[in-house]
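**Q** The chain contents come next:
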Amino acid sequence: MNLRRDVFQAIADPTRRGILLLVASQAMTAGAIAANFDTARPTVSKHLHILTECELLTQVQDGREIYYKTNVKKMKAVADFIEPFRKMWDDRFNKLETIMKKRHNK
Amino acid sequence: MELKTKIHAEDGKQELFITRNFDLPVELLFEAYTDAEIVAQWMNTNVLKLENKNHGGYLFETTDPMGNKHRFNGTIHEMQTNAFITRTFQMENTAFPVQLEFLVFEKVTDDTSKLTMHVIYQSVAVRDQILQLPFAQGINMAHNRIQEIVAKNK
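One line per chain: the protein sequences are B and W, in this order. Residue numbers for the first sequence follow the numbering used here, so the first one is 6 and each next one is one higher. Residue numbers for the second sequence follow the numbering used here, so the first one is 95 and each next one is one higher.
Simulated from the structure, these hints should not be mistaken for lab results. There could be a bad hint or two in this list.
Taking lysine-lysine and the BS3-like style, the derived pairs with C-alpha atoms no more than 27 Å apart in a straight line are [what the hints assert, rightly or not]:
| id | chain 1 | residue 1 | chain 2 | residue 2 |
| --- | --- | --- | --- | --- |
| 1 | W | 107 | B | 79 |
| 2 | W | 201 | B | 100 |
| 3 | B | 107 | W | 201 |
| 4 | W | 98 | B | 107 |
| 5 | W | 201 | W | 147 |
| 6 | B | 92 | W | 208 |
| 7 | B | 78 | B | 92 |
| 8 | W | 208 | W | 98 |
| 9 | B | 107 | W | 100 |
Take the sequences, apply the hints, and build the full model.
**A** Laid out in structure tokens, this is it:
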């Protein structure tokens with residue numbers, strides 16, 4: 006399994022980035038997190054599962070409740086990632102290629 | 095699948111390399127950098143000036159989703175058709191200093207080509223900041239979205 010790529014995929018999604026930002030200041034339950042999004046509860050659960058699986062979030066049991074909090078160490082590593090920079094150039098170059106292919110075929 | 099666009103940035107260096115293989119003849123790749131109308135399309139910007147010559151220059155202006163205008167400019171120091179462009183790049187009205195860019199265009203086959211961008215920054219710190227900019231913008235967008243949602247639910 007390519008863990009690095011999993012993290013990239015995890016942070017590529019705007020809702021998941023939103024979740025990371027939300028729990029950055031305080032640990033929250035799945036229900037409290039879901040209340041902040043228009044998305045259906047099961048979808049939020051799926052996002053939480055992905056974020057937990059790639060270790061960006063950790064679960065903390067408190068009585069009957071499970072709280073989610075950010076894994077600071079992992080988040081710091083993510084902040085250094087250059088993937089969004091690469092993606093920005095990749096998108097530009099893909100566009101360039103598409104435009105020039107169309108011109109060429111005219 | 096191998097990535098078409100690659101970034102090579104070593105720790106502690108004030109430079110980076112962006113490489114990309116294109117399914118385009120090198121002539122078409124080069125044209126995409128020198129035809130103002132085409133540059134405007136793929137860079138998603140207004141091209142106010144594009145002088146493709148030694149001692150030339152360029153000025154781009156983009157409008158962000160909030161309607162703010164941002165200008166980017168540079169000097170085209172030296173160029174050779176279908177071979178290379180040496181230029182500077184600067185974002186106006188930001189704290190980021192000018193950067194030096196060596197663009198090398200290479201023919202791979204008749205129908206494919208390769209672009210190498212060698213970018214040199216004023217310092218290691220500036221390079222690392224620029225590298226992280228798109229990530230930070232992603233986080234900001236997510237943040238703004240949360241603020242909208244929170245405001246709506248009040």
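**Q** Okay, which hints does this one fail, numbers in order?
**A** none
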